[in-house]
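Quick note, the sequences are listed as chains A and B, same order.
The opening residue of the first sequence carries number 20 in the numbering used here; numbering runs sequentially from there.
The opening residue of the second sequence carries number -8 in the numbering used here; numbering runs sequentially from there.
Hints were generated in silico from the structure; no laboratory data involved.
From the three backbone atoms N, C-alpha and C, an ideal C-beta is built for every residue, glycine too.
Hints are not guaranteed to be accurate.
Chain A regions said to be covered by chain B (calculated; three or more residues, Cβ under 8 Å) [said to hold, decoys possible]:
no., stretch
1, 147 to 161
2, 174 to 184
Have a look at the derived ranges for each label pair, beta carbon to beta carbon [as the list claims (entries may be wrong)]:
no., chain 1, residue 1, chain 2, residue 2, range
3, A, Gln284, B, Glu185, 46 to 56 Å
4, B, Asp229, A, Met159, 35 to 45 Å
5, A, Ala409, B, Arg157, 22 to 32 Å
6, B, Gly181, A, Asp27, 23 to 33 Å
7, A, Ala404, B, Asp298, 46 to 56 Å
8, B, Pro51, A, Gly249, 14 to 24 Å
9, B, Ser278, A, Ser175, 54 to 64 Å
10, A, Asp119, B, Gly37, 45 to 55 Å
11, A, Gln284, B, Gly37, 30 to 40 Å
12, A, Ala409, B, Gly181, 53 to 63 Å
13, A, Gly289, B, His133, 35 to 45 Å
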Amino acid sequence: MYAPSSVDAPRIHTPDFITESALTIPIYGMLGEDGRPYEGADPSGVAKEIVLAMHDAAVFTRLLDERMVAAQRQGRLSFYLTATGEEAATVGSAAGLEPDDMILPQYREQGALRYRGFTAAQFMDQLFATEDDLGKGRQMPVHYGSRALSYMTVSSPLATQIPQAAGYAYGQKLAGEGRCSICYFGEGAASEGDFHAALNMAAVIRCPVIFFCRNNGYAISTPVSEQYAGDGVAARGVGYGVRSIRVDGNDFLAVYLATQEARRQAVSEGVPVLIEAMTYRLGAHSTSDDPSGYRSRKEEEAWQRFDPIARIRAFMEAQGWWDAERDEALRQGYRDEILAAMKTAEAKPAPSLARLIEDVYAAPPWNLTEQYEALREQVRANPDAYPKTAGRIE
Amino acid sequence: MSRNRVLTGSRAMVEAIAQEMRVDPTVFVMGEDVGPYGGIFSSTTGLLDEFGEERVRDTPISETAFIGAGVGAAMAGMRPIVELMFVDFFGVCMDAIYNLAAKNTYFSGGNSKVPMVLMTATGGGYSDAGQHSQTLHATFAHLPGMKVVAPSNAYDAKGLMTSAIRDDAPVLYMFHKGLQGLAWMAAPEGASTEVPEDPYAIPFGEARVVREGGDVTIVAISMTVHHALAAAEALAKDGVDAEVIDLRSLVPLDREAVLASVRKTGRLVVADEDYRSFGLTAEIIASVAETDPGLLKSAPRRVACPDIPIPYSRPMERFALPDAEKIRAAVQQTLNRAVA
């Protein structure tokens, strides 16, 4: 069966191509740079407690990132990734979901995880691979995961979470529990085949999934001008038959309301939705990256005025919900909590080495047991050669 | 009352899938041409009619998409059975297999399970060349976190499929096209077997002694089990009594079954249609040698595909692939050549 368009489409009789700029998608925004609602934008649909909760999670995330970059510079941590400047995109979208909707992150969504309730201690247990880490000390820093908070453990290979999210959502649909999944990725990851494959399939087999692109301007050093030639990522959704919206990613209210509406459509109609959040990665890609080689201070400073936290704070103050005193109390409280949690985690024991061979299979098969025993004997026989390991043998 | 019928490999697979789908609503099938077509290798014939398109899901042609989606659905609490049409096509979806399916449980600290079955067709012998004919057992068995099984007959095809669906780990179910009983590809005698109607599960990691013998051990899997049995019959005429072991699963591996046999015979031939180097044949020989090099009275031999892409030309392909005669000759070498 051919698509109806190939049969019923109107005929033209000159070879006129549709231009690449024929579809230019507007940006949905609620708050201007100064935090004041645009004319015609009605923020009354966002409850005060939601705004305060989003701001709270964003401030925590900002302070956590600042502290952990410093810790990495001090040599206390091997690696870290900040989300600075993108807090509205990740926190605002998480706020627009139900708590048991599934989150399949890329790796820069600590704001969403914090909004769900991940504690300072839980962040630190993962970052410092303590014996209390939910991932048992196996994955590199910032690869968080929490079954209790419906947050899939981060995988390193880019964009692989996108087809998984489609499948997760298909499973949710078959289970009939009225849930959906959200999948985060950057505009760089959207160049991977996985993105295209997943959007097409999700549209065809109707998966209730929200594809959430954080278009933050850079894929490590590659700017969007070298990433794609068309109108960003949102325009692609239309081609795959996926409803799409572009939103100001530094506007908490717009991200929240767009995600809430996307969720409603995904769950009630069983369809995928694409959100492209336009934002800016104010920090480096990771602690292994130095942006001064590929972008100017001037550019970074220009984006500071779009800081999402400053914008939502101005909105909150204008509503009479917030002031400088409360702001400083919140920040000081979180600085203290984060520092204390870090010190606690640094003093905690590492996971037992026996955990090395758990969870590869439900029970360790004979070959893993043999291999573990052989390594254990090696360390036991030469403890001086393994000063960090010998103490963790049971 | 359970009846035994003679079924083809594909019918046995379908029966296992259908029986599990009837009792477990989380089981569903996804892949290319699994719906009305019933699977290119008849592994899903008739399922659509019984279970509908939501649970027997034809997908767009993107292994990247639907195998990745299978991993996601498995973590959502479903038990997807996903078909990779030819194992040769694994290149476009290997990330979902070895970085996600195989590792998500471990990296989640055991908090996420991936109970997915990835069934895929292996093997050559029908002139489709090296992008449709590979076996690739070792490629997957090498990677931690997955189980890998490969049935040689219909009885095992059903029992191993049932176990695969019920397992909480990702299982790679590698079926040889030549054992499916397809109209266009003759199966060896013995591939179609009596199969009980009632559901049953064959535990993974339990090899089967398919022929007892005292002179030499032939370890085989999938199609090479049939070659080994034919070789054993030929050897019997020469007064050589070969024992044939069907491993049935690579991961977990039944090392004890191999050792028990070699302790008895002292001679070892390993046959696998996969490439020779760095593969199953080497693993079996190494596991025997590591345990006790004194077990072997002569140098072990392996019969496998040479380390070349499998060619189209029928004489070239036949020249390359393992067969009964090559196994027979390898056995003769183990009898004639003592360890120095």
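Here is how each hint holds up against the structure:
{"no.": "1", "hint": "147 to 161", "verdict": "holds (count 6)"}
{"no.": "2", "hint": "174 to 184", "verdict": "holds (count 8)"}
{"no.": "3", "hint": "A:Gln284 <-> B:Glu185: 46 to 56 Å", "verdict": "holds, 53 Å"}
{"no.": "4", "hint": "B:Asp229 <-> A:Met159: 35 to 45 Å", "verdict": "violated, 59 Å"}
{"no.": "5", "hint": "A:Ala409 <-> B:Arg157: 22 to 32 Å", "verdict": "violated, 41 Å"}
{"no.": "6", "hint": "B:Gly181 <-> A:Asp27: 23 to 33 Å", "verdict": "violated, 56 Å"}
{"no.": "7", "hint": "A:Ala404 <-> B:Asp298: 46 to 56 Å", "verdict": "violated, 38 Å"}
{"no.": "8", "hint": "B:Pro51 <-> A:Gly249: 14 to 24 Å", "verdict": "holds, 21 Å"}
{"no.": "9", "hint": "B:Ser278 <-> A:Ser175: 54 to 64 Å", "verdict": "violated, 32 Å"}
{"no.": "10", "hint": "A:Asp119 <-> B:Gly37: 45 to 55 Å", "verdict": "violated, 36 Å"}
{"no.": "11", "hint": "A:Gln284 <-> B:Gly37: 30 to 40 Å", "verdict": "holds, 36 Å"}
{"no.": "12", "hint": "A:Ala409 <-> B:Gly181: 53 to 63 Å", "verdict": "holds, 54 Å"}
{"no.": "13", "hint": "A:Gly289 <-> B:His133: 35 to 45 Å", "verdict": "holds, 39 Å"}
Hint check: violations occur at hints 4, 5, 6, 7, 9, 10; the rest are consistent with the structure.
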